[in-house]
Amino acid sequence: MHIPTIAEFFPPTIAFEGTIFEVNRITLVRLLSAVVVSALFWVAASRARLVPGRGQNVAEMALDFVRVNIAEEVLGEKRARPHVPLLTTMFFAILAMNITGVIPLLNIASTSVVAVPLLLAVVAWIAFVVAGIRAHGAVGFISSSLFPSGVPWPIYIILAPIELISTFILRPATLTIRLMANMLAGHLLLLVFFAMTNYLFVEASAALKPVGALAFAAAFAFTLFEIFVAVLQAYIFVLLTAVYISLSQEAH
Amino acid sequence: MEITGDIATIGYGLATLGPGIGIGLLVAKTQESVARQPEVAGQLRINMFIGMALVEALGLIGLVAGFLF
Numbered sequence: 002m003h004i005p006t007i008a009e010f011f012p013p014t015i016a017f018e019g020t021i022f023e024v025n026r027i028t029l030v031r032l033l034s035a036v037v038v039s040a041l042f043w044v045a046a047s048r049a050r051l052v053p054g055r056g057q058n059v060a061e062m063a064l065d066f067v068r069v070n071i072a073e074e075v076l077g078e079k080r081a082r083p084h085v086p087l088l089t090t091m092f093f094a095i096l097a098m099n100i101t102g103v104i105p106l107l108n109i110a111s112t113s114v115v116a117v118p119l120l121l122a123v124v125a126w127i128a129f130v131v132a133g134i135r136a137h138g139a140v141g142f143i144s145s146s147l148f149p150s151g152v153p154w155p156i157y158i159i160l161a162p163i164e165l166i167s168t169f170i171l172r173p174a175t176l177t178i179r180l181m182a183n184m185l186a187g188h189l190l191l192l193v194f195f196a197m198t199n200y201l202f203v204e205a206s207a208a209l210k211p212v213g214a215l216a217f218a219a220a221f222a223f224t225l226f227e228i229f230v231a232v233l234q235a236y237i238f239v240l241l242t243a244v245y246i247s248l249s250q251e252a253h
Numbered sequence: 079m080e081i082t083g084d085i086a087t088i089g090y091g092l093a094t095l096g097p098g099i100g101i102g103l104l105v106a107k108t109q110e111s112v113a114r115q116p117e118v119a120g121q122l123r124i125n126m127f128i129g130m131a132l133v134e135a136l137g138l139i140g141l142v143a144g145f146l147f
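Sequences listed follow chains A and B, in order. One point on numbering: in my numbering, the residue at position 129 of the first sequence is 130, and numbering is uninterrupted. One point on numbering: in my numbering, the residue at position 29 of the second sequence is 107, and numbering is uninterrupted.
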């Protein structure tokens, strides 16, 4: 039986070993999902008509979901406008790389290794810092995020370091860990149930074989749950980015 | 009887308790509020997800810590 371990996420190198361009299975899945997403939107955009067809309708609904239900809901219609392209790109990039976790043959979420979530979190960090600097100026932004108003001044001695850590370090750190750990946990969960099914069907005694059906049902249910988690994590990541942008734009 | 395994597993089990209670409370209270005032459901849902993300992070840190240490 194949017992899932953390080594699952560090497959052997395929090409360019020893350089920073090392390619392994997960990197290939990433490239594939990038190509697929780009191709899908390219096809949808190149055939765009004033009266949308079926494919264009789906693409427009997906784009509208990010614009209306995330960006405009959090930031308001006017403030959302400059951030919609970034948020949309992030949403579909994360969604595509999460969903590879349940696609047969690919079977690994390419966001389950720290590199991609970290990169995305850095992008989010830059986005909300730049938004804050644009709204208040560099000095204004830093002082408004470190010294929130409405507090007696001695409290600032404690509050400023807490705000510094929570705003500029914990925000990107939790974005990274949340996305990575969710996909990692999901992958391990699926592996455990499929390995259990395999073991019970192939190696267990006859009396235990029916339990294998149960394990398979659980594996199937968790596959559906993983699809839900893939969408939910993309949603939460982008939602929190929008919230952070909104918080740094608002004057304290 | 002898039991072998990694004590970190128990640690993760414990780490899920708090966030489990937290997410339960969050969702329950949001449902209650939506039932009272369906017109602000959108705003409540967003706040719920933000809160959930923060609570969930604790459970996930427990998971990652199991692999790290």
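Just so you know, the hints here were simulated from the structure itself, not pulled from any lab data. A portion of the hints provided could be inaccurate.
[Said to hold, decoys possible] Heads up, incomplete: computed chain B residues facing chain A, CB under 7 angstroms, no partners named:
| # | residue |
| --- | --- |
| 1 | 127 |
| 2 | 133 |
| 3 | 135 |
| 4 | 141 |
| 5 | 142 |
| 6 | 144 |
| 7 | 145 |
| 8 | 146 |
[As the list claims (entries may be wrong)] Pair by pair, the computed Cβ-Cβ distance ranges are:
| # | chain 1 | residue 1 | chain 2 | residue 2 | range |
| --- | --- | --- | --- | --- | --- |
| 9 | A | 160 | B | 146 | 26 to 36 angstroms |
| 10 | A | 12 | B | 85 | 22 to 32 angstroms |
| 11 | A | 141 | B | 111 | 29 to 39 angstroms |
| 12 | B | 123 | A | 222 | 18 to 28 angstroms |
| 13 | B | 125 | A | 86 | 38 to 48 angstroms |
| 14 | A | 229 | B | 145 | 22 to 32 angstroms |
| 15 | A | 44 | B | 85 | 26 to 36 angstroms |
| 16 | B | 85 | A | 47 | 55 to 65 angstroms |
| 17 | A | 64 | B | 145 | 29 to 39 angstroms |
| 18 | A | 163 | B | 84 | 48 to 58 angstroms |
| 19 | B | 85 | A | 5 | 28 to 38 angstroms |
This structure is a prediction, so every number in the text was calculated from the model and none was measured. Virtual Cβ for every residue (Gly too), placed ideally from N, Cα, C.
Consistency of the hints with the structure:
Interface restraint check for residue 127 of chain B: the shortest CB-CB distance to chain A comes to about 6 angstroms, inside 7 angstroms, so the restraint holds. Against a cut-off of 7 angstroms between C-beta atoms, the interface hint on residue 133 of chain B is violated, since the closest Cβ of chain A lies about 11 angstroms away. A cut of 7 angstroms between beta carbons decides the hint on residue 135 of chain B: the least distance to chain A is about 5 angstroms, and the hint holds. Below 7 angstroms, beta-carbon pairs count as interface contacts, and residue 141 of chain B has one with chain A at about 5 angstroms; its hint therefore holds.
Because the beta carbon of residue 142 of chain B sits about 5 angstroms from the nearest beta carbon in chain A, less than 7 angstroms, this interface hint is met. At a threshold of 7 angstroms, the smallest CB-CB gap from residue 144 of chain B to chain A is about 10 angstroms, leaving the interface hint violated. At its closest, the beta carbon of residue 145 of chain B sits 5 angstroms from a beta carbon of chain A; the interface hint therefore holds under the 7 angstroms criterion. A distance limit of 7 angstroms between C-beta atoms decides the matter here; for residue 146 of chain B the minimum to chain A is near 10 angstroms, and the interface restraint is violated.
Restraint check, residue 160 of chain A to residue 146 of chain B: a C-beta distance of roughly 30 angstroms satisfies the suggested window 26 to 36 angstroms. At roughly 28 angstroms, the beta carbons of residue 12 of chain A and residue 85 of chain B sit within the given window of 22 to 32 angstroms. Between residue 141 of chain A and residue 111 of chain B the beta carbon distance is about 35 angstroms. The supplied range of 29 to 39 angstroms therefore holds. Roughly 25 angstroms separates the CB atoms of residue 123 of chain B and residue 222 of chain A, a value that falls within the hinted 18 to 28 angstroms.
Distance hint check: the CB atoms of residue 125 of chain B and residue 86 of chain A are about 25 angstroms apart, inconsistent with the given range 38 to 48 angstroms. Distance hint check: the CB atoms of residue 229 of chain A and residue 145 of chain B are about 24 angstroms apart, consistent with the given range 22 to 32 angstroms. Taken as a hint, the range 26 to 36 angstroms is violated for the pair residue 44 of chain A and residue 85 of chain B, whose Cβ atoms sit roughly 52 angstroms apart. The beta-carbon spacing between residue 85 of chain B and residue 47 of chain A, approximately 57 angstroms, falls within the hinted interval of 55 to 65 angstroms.
Roughly 37 angstroms separates the CB atoms of residue 64 of chain A and residue 145 of chain B, a value that falls within the hinted 29 to 39 angstroms. Taking the beta carbon of each, residue 163 of chain A and residue 84 of chain B are about 34 angstroms apart, not inside 48 to 58 angstroms as hinted. Checked against the hint of 28 to 38 angstroms, the pair residue 85 of chain B and residue 5 of chain A fails, with Cβ atoms roughly 19 angstroms apart.
In terms of the numbered hints stated before, the structure departs from hints 2, 6, 8, 13, 15, 18, 19, listed from lowest to highest.
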